[in-house]
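Letter by letter, the chains look like this.
Protein chains: 2
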Amino acid sequence: MDKKEYIIRQLSRTKNKKYEAYVVTRIIHLLNNIDIKFVTQQYVTRPEGRALTDLFFPQVNLHIEVDEPHHMGNIENDKIREADIVNATNHEILRVDVSKSIEDINAQIHKIVDKISSKIKQLTDENLFTAWNIDLEFNPETYIKRGYIDISDNVAFKTTKDVCNCFGHNYAGWMKGAAPHPYDSDIKLWFPKLFPNGEWRNNISPDEETITERNEDDVKAKEHLNGFINQTNGEQLKRIVFANVKGSLGDRLYRFRGLYELSIKDSELPIGLVWQRKLTRVKTYPHQ
Amino acid sequence: MDKKEYIIRQLSRTKNKKYEAYVVTRIIHLLNNIDIKFVTQQYVTRPEGRALTDLFFPQVNLHIEVDEPHHMGNIENDKIREADIVNATNHEILRVDVSKSIEDINAQIHKIVDKISSKIKQLTDENLFTAWNIDLEFNPETYIKRGYIDISDNVAFKTTKDVCNCFGHNYAGWMKGAAPHPYDSDIKLWFPKLFPNGEWRNNISPDEETITERNEDDVKAKEHLNGFINQTNGEQLKRIVFANVKGSLGDRLYRFRGLYELSIKDSELPIGLVWQRKLTRVKTYPHQ
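Chains as they are written, first to last, in the working numbering: chain W, 40 to 327; chain X, 40 to 327.
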């Protein structure tokens, strides 16, 4: 998918609100800058709960909402289960009040466009702006050169092979749900579905700080839990997590969530293993 | 319906083509001028047949097509029956080739926006531009002051009462399918559905030059035809026609088509009365 395809598909997604198409397309066309990435109808998690924002600019962590946040109903809860959810806790949210006149709505949009443009300019002046490059953003080389992957950079990969290759592997393919870390034997690279799937009752807390992992079968769950607690199999107690999610255009993505460590004291049979986030930035490594 | 509602509804109509929403919204937002009226998905008749254009600017008689014209299939022929169809014979049609890169598409749109802007500027300089006013465009006073109604001005009214009041009536309501012309007893004001409806098999030719009118019952059709040919009821042989159509947003409109005169030599039982267009501009009159 190139930028053209991406932009066209993002701007033609089914609309939920009457004014959404007008506001979203106006902002994008007036920004008029294909170095700026955007996502329409982005699932987010915020202190007050999960929601959809109408337009998200990941390079500046800024969201646009057309009036009220679109709170999740039951139908959306089904969709959100495997969706790519962005933690928007410290993100800026700008609202467009569409109850006003068309001239006033246009003036509000004008201000938003100015604000985004000047944020981009500021980042550019400080040499902190990375122009949207739809090939490079999914390329492990980009992150190997940078030396790290940080949660604030909204990093996701299209394959688990690409995840592995950020940490020193040189895989042509990788089919398993986890991989060793070539440079740190205490760490496992993990690509879980963080929602109930197959025999696994996985979950991630809305603030992304806690992941729980449990087999739905009590016997298997007990065996799994004891294996970790007693270290019978030499399992790693740290995991770099790239969650298996459905991207905004229905594509499969592996979204960086951080480095998690097993909390032995919190892990118990009813909930299974409990993993706590320790780092939101991890080092990357070239292949040797 | 105010401009805000109109613009929002026009820009959020169901889209048929992949690139349509992108191109249409980009042109409107970059034109950035609410004095310019536009219609999305306008039915048109052209020498090569009926079609849909993606965007129509009635003040400059200019259409935008995203690549290929959207030629009518069977489903669309059902819709087009009662649709508001614009005769685009002498209109300008600009095409956007969306097979190109996003940068090239944006450059094509930039040229189109420049072209429309300079057309509007030229009309304004020549004092020929009427800014879009959603109240005045449907107000009989507008056309009484102007002194005429011309086909090139794309005139339509919301009620038959408003049509009548353009010609000297002062009706508060009018329920019939025709009305007398207060200033010319040879002329009738006619508000027909120009497609088969009820017991009437009416039709208008794609070039709008010929209207046929016939009852589907042979006995009634003969009586109707002979009444006109023998002038037994003193029926007027000239009609100012405002066709009863469905507007682009599903609203009822009475669209000016011209002054038609009965062609006695062409009228015959198989097709019924044949009306030929004589004028595309008619005088308006104030109420006395």
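Be a bit skeptical, because a hint or two may be false.
Identical copies look the same in the list; a pair holds intra-copy or inter-copy alike.
In silico SDA-like pairs for lysine to any residue, Cα to Cα no more than 20 angstroms straight-line [stated by the list, open to error]:
| no. | residue 1 | residue 2 |
| --- | --- | --- |
| 1 | LYS215 | ASN241 |
| 2 | LYS200 | ILE159 |
| 3 | LYS43 | GLN147 |
| 4 | LYS42 | GLN147 |
| 5 | LYS42 | SER140 |
| 6 | LYS43 | ARG134 |
| 7 | LYS150 | LEU70 |
| 8 | LYS150 | LEU69 |
| 9 | LYS304 | GLU274 |
| 10 | LYS317 | ILE148 |
| 11 | LYS57 | TYR45 |
| 12 | LYS150 | ASN71 |
If you're looking for bench data, these hints aren't it; they were derived computationally from the structure.
*Checking LYS304 and GLU274: alpha-carbon separation at most 20 angstroms within a copy, between copies, both or neither?*
The answer is within: 17 angstroms in one copy meets 20 angstroms, while 98 angstroms across copies does not.
*20 angstroms Cα cut-off: does LYS317 pair with ILE148 within a copy, between copies, both or neither?*
Result: close neither inside a copy nor across copies, 39 angstroms intra and 50 angstroms inter.
*asked:* Please sort LYS200 with ILE159 into within, between, both or neither, judging by C-alpha distance up to 20 angstroms.
replied: Classified as neither: same-chain Cα gap 32 angstroms, cross-chain 56 angstroms, threshold 20 angstroms.
*Classify it for me, LYS43 with ARG134: is the Cα-Cα distance of at most 20 angstroms met within a copy, between copies, both or neither?*
between (27 angstroms within a copy, 18 angstroms between copies)
*Same-copy or cross-copy closeness of LYS42 to SER140 [CA-CA at most 20 angstroms]*: Between copies, since 9 angstroms is at most 20 angstroms while 33 angstroms is not.
*Classify it for me, LYS150 with LEU69: is the Cα-Cα distance of at most 20 angstroms met within a copy, between copies, both or neither?*
both (11 angstroms within a copy, 16 angstroms between copies)
*Classify it for me, LYS42 with GLN147: is the Cα-Cα distance of at most 20 angstroms met within a copy, between copies, both or neither?*
For LYS42 and GLN147, the Cα distance is within 20 angstroms only across copies (17 angstroms; inside one copy 27 angstroms).
*Check LYS150 against ASN71 for me: Cα-Cα at most 20 angstroms, and say if that holds within a copy, between copies, both or neither.*
both (15 angstroms within a copy, 15 angstroms between copies)
*State whether the alpha carbon distance between LYS150 and LEU70 is at most 20 angstroms within one copy, between copies, both, or neither.*
The answer is both: 11 angstroms in one copy and 18 angstroms across copies each meet 20 angstroms.
*State whether the alpha carbon distance between LYS215 and ASN241 is at most 20 angstroms within one copy, between copies, both, or neither.*
Cα proximity of LYS215 and ASN241: one copy only (17 angstroms, versus 70 angstroms across).
*Alpha-carbon proximity between LYS57 and TYR45, which holds within one copy, between copies, both or neither at 20 angstroms*: between (23 angstroms within a copy, 12 angstroms between copies)
*Go through the copies and call it for LYS43 and GLN147: within, between, both or neither, with a Cα cutoff of 20 angstroms.*
between (27 angstroms within a copy, 14 angstroms between copies)
Going down the numbered hints, you'll see the structure goes against 2 and 10, while the others check out.
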